[in-house]
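Q: The residues making up each chain are set out below.
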Amino acid sequence: MIVTVGGSEAIDLAVRGLLDPGDEVLVVEPCFVCYAPLVELAGGVPVSVPTRIENNFKLTLEDFKDKVTERTKLLILPFPNNPTGAVMTKEDLEPIAEFLRDTNIMILSDEIYSELTYGRKHFSIIELEGMRERTIYVNGFSKAYAMTGWRLGYVAAPEPVISQISKIHQYGIMCSPFISQNAAVEALTSCDAEVDKMVDEYNIRRRYLVGEFNRLGLTCFNPEGAFYVFPCIKSTGLTSEEFCERLLFEEKVATVPRSAFGDSGEGYIRISYAYSLKHLMEAISRIEKFLKKLEAEK
Amino acid sequence: MNDIVKILQQNARISNAALGEMLGISAEEAAEEIEKLEKSGVIKGYSVIVDDDLYDKSTVYATIELKVTPQRDCGFDDIAKTIMMYDEVESVSLMSSGAYDLAVEVKGDNLKDVAFFVSERLATIDGILSTSTHFILKKYKEKGIFIDSEEPDERGLV
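First to last, the protein sequences are chains A and B.
Using our numbering, the letters of the first sequence correspond one by one to residues 1 to 298.
Using our numbering, the letters of the second sequence correspond one by one to residues 1001 to 1158.
I should point out that these hints are in silico values taken from the structure, not numbers from a laboratory.
Certain hints may be false.
Calculated cross-link-like contacts (lysine-lysine; reagent style BS3-like; alpha-carbon spacing at most 25 Å) [claimed, not checked]: (1) B:K1141 - B:K1006; (2) A:K197 - B:K1006; (3) B:K1143 - A:K278; (4) B:K1139 - A:K278.
Just chain A, same shape as in the assembly:
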């Protein structure tokens, strides 16, 4: 295990340590922005694997089976997912594990949102037989303990992988800031009650936003993890980028377009609910105003 400067360093280490030039990496989309660029920097070839709303943005074997080639070295599994909030259950992961068992494909499981699930506990693919040996597990403190900016994450992987990627870490970083590490010890040892409280609060905001977006006609699937909702804006006729830009300039509400999370899809925006209810209620009323304006333009 290596304590890293945020989950991002852990991802960077993993792909740089693992990939040879031309190796293919299955990148589940939509996803956090850094995977594909980091894969490219490491000489690899990102292969986009879009998930679909019909499957609640979960990854299914059918989504990527046909994209596996002999050069496929790694599958990046980002669940609970940013931006969709989708989670993978044991039942969802089993067929994927079953398929991978007969291959040499490694998994990079980015579980940074593992503590932020609603209604069910997070399940990790390493808990399934034969997966621990092939999984590079990434987690961190920014989300579970709201320690964004302290830059602290960690990577756990089989010994041969760790011994290689720790070289990059030692030369590039030497050691994660000990101040953050001490803070993380405090977080791990005495903040469980605070985390529970935070998750309850997020859950209230999550239910509110899902309800409100559905009321406003921007259909919103029910996310079970992370702190994002991912409503569909296709009904407005705008691209996600146009929608977000106009909403930002005309109503001063910041959202992120689907296009920021990979080129494989359109028609959605991401809203973070790591803000107070008061802010979210204000944002909803501005979005409602914005939608009325769009309607009037038609």
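Based on the hints, put chain B in the right spot on chain A.
A: What follows is chain B alone, placed relative to chain A:
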């Protein structure tokens, strides 16, 4: 339903529909829950938090510390109830400090009104040994709401 109380404490004017959404119940169910909380006495009432500097600059608030002789059988309750009856009194609390027994918040139109209220109404009640009046110069926060400045969002970075 702790969550209902928590949300209403932050914003008592929220609609039943929004409240229901937040809790995963219908607007009707939210209304029923609130009614239950009101009937059982958990929710005593709804009030508004006002910035007096903007609304009515002349209003004066003071905290009065009262030393009281506790009475046989009812301790401080009778005196507290007498004090509560005055419209000028905003709150009455029994304190655990040894220095004084009751903390009373008084509201008045001006300094003189409050001072006279204390000397003529409170100080003269049987059983009150002494009063100590502290005028409030400025309120920064009340009932969890920032009075003097914009509330920073608790988590801007993601």
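Q: Are the hints correct? Go through all of them and say.
A: Hint check:
Between K1141 of chain B and K1006 of chain B the CA atoms are separated by roughly 18 Å; this keeps the pair inside 25 Å, and the hint holds. Only pairs whose Cα atoms come within 25 Å are accepted, and K197 of chain A paired with K1006 of chain B is accepted, the gap being roughly 12 Å. A distance of roughly 15 Å separates the Cα atoms of K1143 of chain B and K278 of chain A; the hinted pair therefore holds under the 25 Å criterion. Pair hint K1139 of chain B plus K278 of chain A holds up; C-alpha atoms about 21 Å apart against a cutoff of 25 Å.
Hint compliance for this structure: no hint is broken.
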